[in-house]
Amino acid sequence: MTAASEHLAREQQLLDEYAAGDHPRKRLVWESERALVVSQLDAHLPRFMDAMRASAAEGWPVTLRKTGGSAVAIGPGVVNFSVVDSWRGTQPTLAYGFDLVCTPVIRALAHLGVTGTTGAAPGAFCDGKYNVLVDGRKIAGTAQRCTRRGPGGALLAQAMLIVDADPAELTSAVARFYERAGSDRTFDARAVTSLARCLAGQVTGSLRETFVNALTSEDSVWEALSGA
Amino acid sequence: MTEIVVPENLWDSDDEGVLFNWVYPDGAAVEQGALIAEITVEKAQLELTAPASGRLRILVQPEAIIKKGQVIGAIEPV
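Protein chains in written order, with our numbering: chain U, 1 to 228; chain V, 1 to 78.
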């Protein structure tokens, strides 16, 4: 399995290419080795370097991302879904960027009989109003970067969806990182859920494959969003 | 001197942002259109570009809370 840092570097490379010229919207779906993916703002924490070393020693190497939000724990059992898009003229709204990932995730969940909504989940790691929630618990987190070059630019929208990773383990890795880094953030693992919990054994075979198939088969989503 | 103002249309909500990074140090020479600062708002990271060429003057330090329309720096002619 590839390191998260390689996938994130690829996304950033695409963002730069898309900012330089028009390209058709691109979707990426990936899963990585375990990593604690933090934002550049997290790197300002007083004991960031200590926290980074300790986290890596526990099997959660820290990787910086250039999108907003705060730390997330990803790895096997977490599916990452990203969209890169070009724009010209007026910069797209934040809602537009988040919709690029939230809407397909919600539709993919619906294919599996799970009702997703967007909203905040107080206590969840990397909380924000554009999470995807199931029964009020965070199942997917999102972030984005919008870049401008001359008359236009590009945006990268990211989502991470917990398929069958343990929400408590992910939350604990994030909480330990912040505690060591000197942050007073607190988390509640009960604010986070997984697709496995939502479906409770209703799917036989690979849950990851089932979700990714549902996500990537939604061609109409892209058509519907293209005029936004 | 040209003020560096957080554009009103950089994001669409009334949320405040956090200026978390100046790409260049105070006094550095910058070109018009170059990426000079990064701002985070509601889990989105946004870029601010230089409105003119010249010497960068930083008025707001990293990690400061900022609002749309706020003057955060200036570009002095070289």
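These are calculated hints, taken from the structure and not from any lab test.
A couple of the hints might just be wrong.
Quick look at which bits of chain V chain U covers, simulated, 3 or more residues with Cβ under 8 Å [unchecked claim]:
1. 2 to 11
2. 51 to 58
3. 66 to 78
In silico lysine to aspartate or glutamate, DMTMM-like type, Cα no more than 20 Å apart, as pairs [what the hints assert, rightly or not]:
4. K67(V) / E31(V)
5. K129(U) / E3(V)
6. K129(U) / D15(V)
7. K129(U) / E16(V)
8. K67(V) / D12(V)
9. K129(U) / D26(V)
10. K68(V) / D14(V)
11. K66(U) / E63(V)
12. K68(V) / E3(V)
13. K66(U) / E42(V)
14. K129(U) / E31(V)
We treat Cβ as the ideally placed atom computed from N, Cα and C, and that holds for glycine.
Outcome of the hint check:
Given a C-beta distance limit of less than 8 Å, the hint that chain U covers the region 2 to 11 of chain V holds, as 3 residues qualify and 3 suffice. Restraint check on the region 51 to 58 of chain V versus chain U: 0 residues with Cβ-Cβ distances below 8 Å, three needed, restraint violated. Chain U is given as covering the region 66 to 78 of chain V, and this is violated because 0 residues of the stretch bring a CB closer than 8 Å to a CB of that chain, at least three being needed. As the CA atoms of K67(V) and E31(V) are separated by approximately 24 Å, the hinted pair breaks the 20 Å bound.
For the proposed pair K129(U) and E3(V), the alpha carbon gap of about 32 Å is over 20 Å, so the pair is violated. Restraint check: the Cα-Cα separation between K129(U) and D15(V) comes to about 12 Å, which is no more than 20 Å; the hinted pair holds. Of the pairs offered as hints, the one joining K129(U) and E16(V) holds, with about 14 Å between alpha carbons and a cut-off of 20 Å not exceeded. Straight-line distance between C-alpha atoms of K67(V) and D12(V) comes to about 12 Å, which keeps the hinted pair within the 20 Å bound.
Between K129(U) and D26(V), the direct Cα distance comes to roughly 35 Å. Violation of the 20 Å bound is thereby established for this hinted pair. The hinted pair formed by K68(V) and D14(V) meets the criterion: a straight-line CA distance of about 8 Å does not exceed 20 Å. Between the alpha carbons of K66(U) and E63(V) the distance comes to roughly 16 Å, so the proposed pair stays at or under 20 Å and holds. With a C-alpha separation of about 14 Å, the suggested pairing of K68(V) with E3(V) holds against the 20 Å cut-off.
With a CA separation close to 14 Å, the supplied pair K66(U) and E42(V) stays within the 20 Å bound. Using a Cα cut-off of 20 Å, the hinted pair K129(U) and E31(V) is violated, with the two alpha carbons roughly 36 Å apart.
Violation of the numbered hints given earlier is confined to hints 2, 3, 4, 5, 9, 14; the remaining hints are satisfied by the structure.
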